[in-house]
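Protein chains: 2
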Amino acid sequence: MKLHNYFRSSAAYRVRIGLALKGLAYDYVSVHLAKGEQFAPAFAAMNPQSLVPVLETDDGTLLYQSLAILQWLDETHPEPRLLPTEPAARNRVRSLALISACEIHPLNNLRVLRYLTDVLGVSEEQKNAWYRHWVATGFEALEARLAHEPATGTFCHGDTPGFADVVLVPQVANARRFDVDLTPFPTIVRIDAACRALPAFQAAEPSRQPDAA
Amino acid sequence: MKLHNYFRSSAAYRVRIGLALKGLAYDYVSVHLAKGEQFAPAFAAMNPQSLVPVLETDDGTLLYQSLAILQWLDETHPEPRLLPTEPAARNRVRSLALISACEIHPLNNLRVLRYLTDVLGVSEEQKNAWYRHWVATGFEALEARLAHEPATGTFCHGDTPGFADVVLVPQVANARRFDVDLTPFPTIVRIDAACRALPAFQAAEPSRQPDAA
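Taken in sequence, the protein lines are chains A and B. Just add 769 to wherever you are in the first sequence, counting from 1, and you've got this note's numbering. Just add 769 to wherever you are in the second sequence, counting from 1, and you've got this note's numbering.
Just so you know, these hints were derived from the structure itself, not from any lab. Watch out, some of these pointers could steer you wrong.
Identical chains share a label here; the pair holds if one copy fits it or two copies do between them.
Stated by the list, open to error - Listed below are the simulated DMTMM-like cross-link pairs for lysine to aspartate or glutamate, each with C-alpha atoms no more than 25 Å apart in a straight line:
1. Lys896 x Glu825
2. Lys791 x Glu855
3. Lys896 x Asp950
4. Lys771 x Asp948
5. Lys771 x Glu855
6. Lys791 x Glu844
Next comes chain A alone, as it looks inside the complex (with noise of 0.2 Å):
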């Protein structure tokens, strides 16, 4: 498999984590955003949405979008599983991921905080105040669920790690490279440790990636 990647992709990362998890070895294939890889022709061509990650697969299919790809992976490969199996658990981890990946994140790529200086002509200051007031909304939210709910374990659900602490922890690292307070949100810093402190989480790690700065 080619992993179509970039190290500061906290999309590629999440699918970096599940494939550690899994213990899948992947052909690391670096389009590197801040230079522009993505808008050229043949990686367009490839993804229409000039977004990484693509996982290709070794007879060509091309595997798209973070929480889907993370989706396919638990579906061919079980074991270790990221989902759990009885459906209101299963809706209980993806919606806990989904907070991450559907109200938090979306507002605060890249080409979003771009349009914010270059179109809307916002401040440097403004854009940082938006940057954390939507990581907060979340991470509320997603404390309150993660401290009151019995399913919570050493890990989001349960005490092995899955599907919603792979798309907590770049969540959780995209907080801290804006400065995000993270006092008011124990239960997220204490999972994040957690994970942080397994190997797979290591090995995906941005800093760790052949094309980081």
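Please build the complex by placing chain B on the supplied structure of chain A, with the hints as guidance.
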């Protein structure tokens, strides 16, 4: 089942379509977002995100996040299927849905538009340009995939409506509400029309809900 709902919420609209396609009856519990009812203590205790939809099962289980609720529906009431059974096809359908769910809708929902105008002081014209920009960016990619991938049929995936269509139709409705020019997206327009000809999609329309203005 009870669906905590709001006629104009496009995330709730997705779940209404899914329930109607499955032929499942439910009680409609209105949470009037424009009046701020999602912030009432009783609702916020039920969903710390203060967002609809929430699906409450007869045994009191609370299910969150429209995409995760739809997948719960598909896992507990498999026929008719919203997702195909083959993993690469499931990736295709999920990734088509996630273009709207992760790259368009989160940027254009009510609280984000309010932040733009109320906090950043963006003009009405700039706000509408922002809205149309993210719809057009997402729809360009979606149109390219739907127009070129051979698995597209009468609907997003083959000739039966499913998960990607359930997400597409509310997004097209939003685009129309903000006067987005849809002429560059003929495949999207064709599939949206095929969906809206079906009773399940009609029953879920915002204007037909009990709390419609």
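Legend entry - Identical-chain pair category, Lys896 with Glu825, by Cα at 25 Å: neither (35 Å within a copy, 37 Å between copies)
Legend entry - Intra- versus inter-subunit Cα pairing at 25 Å for Lys791 with Glu844: both (12 Å within a copy, 23 Å between copies)
Legend entry - Within, between, both or neither, where Lys771 and Glu855 count as close if Cα-Cα is 25 Å or less: between (31 Å within a copy, 21 Å between copies)
Legend entry - Status of Asp950 relative to Lys896 across identical chains (alpha carbons, at most 25 Å): Classified as within; 16 Å inside a copy, 29 Å across copies.
Inset, instruction - Please work out whether the CA atoms of Lys771 and Asp948 approach to 25 Å or closer within one copy, between two copies, in both situations, or in neither? - result: neither (33 Å within a copy, 40 Å between copies)
Legend entry - Intra- versus inter-copy proximity for Glu855 and Lys791 (alpha-carbon distance at most 25 Å): both (20 Å within a copy, 20 Å between copies)
Violated hints, listed in ascending order, are 1, 4; each of the other numbered hints is respected by the structure.
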